[in-house]
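Undergrad: So the chains spell out like this:
There are 2 protein chains.
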Amino acid sequence: MQYLADVTVELKSGMLDPEGNTIKRALGHLGYETNDVKTAKKFTIDLDAESFDDARQNVDEMCQKLIANPIIHNYTIDLREA
Amino acid sequence: MQYLADVTVELKSGMLDPEGNTIKRALGHLGYETNDVKTAKKFTIDLDAESFDDARQNVDEMCQKLIANPIIHNYTIDLREA
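Chains as they are written, first to last, in my numbering: chain W, 156 to 237; chain A, 156 to 237.
Any given hint could be a false lead.
To be verified - Straight line, CA to CA, 35 Å or less: simulated DSBU-like cross-link-like pairs of lysine-lysine:
| hint | chain 1 | residue 1 | chain 2 | residue 2 |
| --- | --- | --- | --- | --- |
| 1 | W | Lys179 | A | Lys167 |
| 2 | A | Lys220 | W | Lys167 |
| 3 | A | Lys197 | W | Lys196 |
| 4 | W | Lys167 | W | Lys197 |
| 5 | A | Lys167 | W | Lys167 |
| 6 | W | Lys197 | A | Lys196 |
| 7 | A | Lys167 | W | Lys220 |
| 8 | W | Lys196 | A | Lys167 |
| 9 | A | Lys179 | A | Lys220 |
| 10 | A | Lys179 | W | Lys220 |
| 11 | W | Lys167 | A | Lys196 |
The set of hints was computed from the structure by calculation and includes no laboratory data.
In isolation and in its complexed conformation, chain W is listed as follows (with noise of 0.2 Å):
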């Protein structure tokens, strides 16, 4: 079975977002006032697997072992069939 995982890695709270920050002061200057600017990273991972449980599983694995860093980032992954 074929699935799409949508994995969304954002920063720890508390952790500095120098590009958020950036862009929260370009916005300012083209007159959009803005309370904070947060970025994040996406990632649509298509994949087969056996079954959901299996590429969720999968999915999980990717991201603790490749995509996100676990002492700066969260993660969370949105599963499903292709």
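Following the hints, position chain A against chain W.
TA: Just chain A now, kept in the frame of chain W:
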């Protein structure tokens, strides 16, 4: 009223995604075969606005003027009250 906008900025279909390709290859080296990996950016914007429609229009203008490049990106806005 305070609003939170989740803006997702993706590459238009047909655009090369070298970061996604690199992750796909690296996952393969770790033993995880995937069909495809696509990358995107997510921005969470915390802003004040008079109404939901005002907030949406402001965020749309921010995307067009700064956050997305309309030549290579599609973007979606998911807006909610904070």
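Undergrad: Are the hints correct? Go through all of them and say.
TA: Hints and how they fare:
For the given pair, W/Lys179 sits about 25 Å from A/Lys167 by alpha-carbon distance, which is consistent with the 35 Å threshold. Between A/Lys220 and W/Lys167, the direct Cα distance comes to roughly 28 Å. Compliance with the 35 Å bound is thereby established for this hinted pair. Of the supplied pair hints, the one linking A/Lys197 and W/Lys196 holds, its CA atoms being roughly 6 Å apart against a limit of 35 Å. Pair hint W/Lys167 plus W/Lys197 holds up; C-alpha atoms about 15 Å apart against a cutoff of 35 Å.
For the hint linking A/Lys167 to W/Lys167, the alpha-carbon distance of about 29 Å falls within 35 Å, and the restraint holds. A hinted pair counts as satisfied when its Cα atoms are at most 35 Å apart, and W/Lys197 with A/Lys196 qualifies at roughly 6 Å. Restraint check for A/Lys167 and W/Lys220: the C-alpha separation of about 28 Å stays at or below 35 Å, so the hint holds. For a cut-off of 35 Å, the pair hint linking W/Lys196 to A/Lys167 stands: about 16 Å separates their Cα positions.
Of the supplied pair hints, the one linking A/Lys179 and A/Lys220 holds, its CA atoms being roughly 32 Å apart against a limit of 35 Å. Restraint check: the Cα-Cα separation between A/Lys179 and W/Lys220 comes to about 13 Å, which is no more than 35 Å; the hinted pair holds. Distance restraint check for W/Lys167 and A/Lys196: the Cα-Cα separation of roughly 16 Å lies within the 35 Å cut-off, and the hinted pair is therefore satisfied.
Going down the numbered hints, you'll see the structure goes against none, and every one checks out.
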